[in-house]
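Asks: These protein sequence lines map, in sequence, to chains R and C. All letters in the first sequence, in the order written, are residues 230 to 562 by this note's numbering. All letters in the second sequence, in the order written, are residues 230 to 562 by this note's numbering.
No wet-lab data here; the hints were simulated from the structure. No false leads were mixed into what you were given.
Which copy is meant is left open, so a pair is good if it fits within one copy or across any two.
Derived lysine-lysine pairs resembling PhoX-like cross-links, with alpha carbons at most 20 Å apart:
| hint | residue 1 | residue 2 |
| --- | --- | --- |
| 1 | Lys394 | Lys454 |
| 2 | Lys297 | Lys416 |
| 3 | Lys493 | Lys416 |
| 4 | Lys454 | Lys544 |
| 5 | Lys496 | Lys416 |
| 6 | Lys544 | Lys394 |
Number of protein chains: 2
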Amino acid sequence: MIQKASAIAHPNIAFIKYWGLRDEANRLPANDSISMNIDGLTTFTSVEFDASFQEDHLSLNGEEITGKSLTRVQKFMDRIRQLADVQVFSCISSENNFPTGAGVASSASGFAALALAGTAALGLDLTSEELSTLARFGSGSASRSIPGGFVEWHTDPDTGNSYAKSFAPADHWDLVDCIAIFSEAHKPVGSQAGMLLADTSPLQAARLQDAARRLEICRLAILNKDFAALSAITELDSNMMHAVMMTSNPPLFYWQPGSLALMKAVKEWQSEGLDVTYTLDAGPNVHLICLPNVLDILIERIRTFPGVINVLHGKPGGPARLVSNEGIGIAQK
Amino acid sequence: MIQKASAIAHPNIAFIKYWGLRDEANRLPANDSISMNIDGLTTFTSVEFDASFQEDHLSLNGEEITGKSLTRVQKFMDRIRQLADVQVFSCISSENNFPTGAGVASSASGFAALALAGTAALGLDLTSEELSTLARFGSGSASRSIPGGFVEWHTDPDTGNSYAKSFAPADHWDLVDCIAIFSEAHKPVGSQAGMLLADTSPLQAARLQDAARRLEICRLAILNKDFAALSAITELDSNMMHAVMMTSNPPLFYWQPGSLALMKAVKEWQSEGLDVTYTLDAGPNVHLICLPNVLDILIERIRTFPGVINVLHGKPGGPARLVSNEGIGIAQK
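The shape of chain R in the complex, shown without the other chains (with noise of 0.2 Å):
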């Protein structure tokens, strides 16, 4: 009997972030948060169980894992042996398409892959809810990387059930993601430790006090198809979290000069009339949010940008979802 199965994965990016938690042992999140899932930008991940195996094993884009990155996934697989009821090791292969550890959330499309491939593979049919609530103890982004198209990550304060939802599939609105890299280097301090420190911040209460009016009208300038009203609550809720970041004991500065730079000369580019906004994750790299209709301009203009070493770009990409064991040949970069 053949226990493997393969599932792919978008990373996503939020507009309205998840920065802190209110329940860590439990992985639930201080706020709930909004992201779309970024197509093109690809994880496929491979799950095989054999009771010869003696431990979990796990290579990410050809290379085998140890050490607390091995032990991450080690407690996860754990968590999806107890569902399935099973004692029996694997062997995971991961691989994506995008720079790993560079604010472009690789966990999240990680986790998510890995929740959809090792639950099929011991033969779990679980609901999208099922998997956003499994995933989410991987990495709590995960979550929102299992639904499809545009997602809202929503925690019930009273029963605890805590998982994403879509309220717009991906060919709702044709935005397009436009990534700035600025490093592809892992970051001193990941999220996982770093909103660790959000309660250390004199700010972060206000921050979470403010979340469902920020929630309410970016969900609706989404529904709405409204860039402007998506522009102003997106870089908001951006300089929110960051302006909870820094204000951290210890202060944690993710933004390089250059994001800085390249955010200012976002708001020059609106002043021209360009449909672009920009949102930055626990990294340096700039998220351009923009209309198709800017997209080329706008690469041009990225790529000349001082300290840019990358772009990348997407559209709002769909679900999680099974894929044949032969993997679907994404390109490595």
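Given chain R, put chain C in place with the hints provided.
Replies: Okay, now just chain C, sitting in the frame of chain R:
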């Protein structure tokens, strides 16, 4: 009867910043603040009243000033005339030995020197508290350039009394403010206009709520000459003010990419063991507060730092004071 007097005053750099007004008409700040005057940077101001003048005249660094800047000063002179119960106009000459309008608060030293020279020229002999109260109406931070050394500007919310007082003399602690100038141009949005936006930030209320705590830590750090404590609270307070600015509507980004690069460099220099910290007012210039033993190495590093066009520095400075009408021969840069 000659109705002429001259005064000098120093700009000040705030460790705990003032940003936002609780009462715009009465120029009452949203929060108390702590600063030190900067010796060596000096404004020299002469005021002459003469019954033959048809209106107030103002020259700044030898240039005749008109428009909004003149109107602002004329309104301030109205206040002085009211205090002295006279109707006579004035001729004002003011000179700075440092660049105007680029984050080194020239309005602070300017209105402090003007308050003192203007009232003295009309024979008024105000106390430091009365002068500080008066200077506040020209520019909030000018209230802090009246008393000497290390200064706290406190507002009594019940009485509306609002002035700055020295809590340690200039020779209490031999700190140095070493200012990296990135731009000598006027700011696109000045402090007075910018801070009217403070309440549009979802983070301003939290910044204000936490102010008493930061003031207490800062005051004790200065009294105890505890550089590490001063460093942590100074950077936090600067980051918090800029967090509010960046999340205002519209957002205000006073930082330039070079400012951010220098802030990051300071964090590295700290890990080398250098006693240096940073703070930024409403402008791109970075004030590096340091102990005197690291001044030489700091100046050397800043002079060659990308984007820095000038470096100024000064020890804690004295109060605003009357000088002879011939001036003190302060150098123009």
